[in-house]
Amino acid sequence: ASYAQSLPTTIDIMAPNTNKATGLNVLLKSMGLSEAQTAAVGDSENDLEMLQSVKVACAMGNAVQKTKAVAHFILPKNTDEVPGVVSLLRQLTKALSARSAKPAAKDIQVEDIQVAKKIKVA
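Reminder that position 57 of the sequence shown reads as 44 in the working numbering, one-by-one numbering, no gaps.
Take the hints with a grain of salt, since some may be wrong.
[Unchecked claim] Each computed DSS-like pair below joins lysine-lysine, with the alpha-carbon atoms no more than 30 angstroms apart: (1) LYS53 with LYS42; (2) LYS53 with LYS16; (3) LYS81 with LYS64; (4) LYS16 with LYS42; (5) LYS81 with LYS55; (6) LYS7 with LYS42; (7) LYS64 with LYS7; (8) LYS42 with LYS64; (9) LYS7 with LYS81; (10) LYS81 with LYS42.
The hints are simulated quantities; they were obtained by calculation from the structure and are not laboratory data.
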């Protein structure tokens, strides 16, 4: 088994060779999609593999440092007036609307999303 600390008072225990990335991969394959077409949001160590596997990795502003280190974007905190996930969805909607007559949603580039502080682009 493997484990990750998701909060100071909790530990997530997972079956061998499983994590959020493996679960996400199963879901994406069932939908005919790939990690290259996917954005993910995380805030703790149990999100690391998932964030490292997707095209656009976002960490919440209140995320642990290890999670922020692997993210392309740092979103607002979940306690902010406009929470991080809401901010991301608004930016994605804006990018999709601007491209409605052009490429499909799967063709949105990381550069199209300007949510918060960009720290690296894969």
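Going down the list of hints, with the structure as the test:
1. LYS53 with LYS42: holds, 18 angstroms
2. LYS53 with LYS16: holds, 28 angstroms
3. LYS81 with LYS64: Given that 30 angstroms is the threshold and the Cα spacing comes to 20 angstroms, the pair holds.
4. LYS16 with LYS42: Since the Cα atoms of LYS16 and LYS42 sit roughly 15 angstroms apart, the hinted pair holds (cutoff 30 angstroms).
5. LYS81 with LYS55: holds, 24 angstroms
6. LYS7 with LYS42: Distance of about 15 angstroms is within 30 angstroms: holds.
7. LYS64 with LYS7: holds, 21 angstroms
8. LYS42 with LYS64: Holds. LYS42 to LYS64 sits at ~21 angstroms (cutoff 30 angstroms).
9. LYS7 with LYS81: holds, 28 angstroms
10. LYS81 with LYS42: At roughly 18 angstroms apart (the allowed maximum being 30 angstroms), LYS42 and LYS81 satisfy the hint.
In this structure, none of the earlier numbered hints is contradicted; all agree with it.
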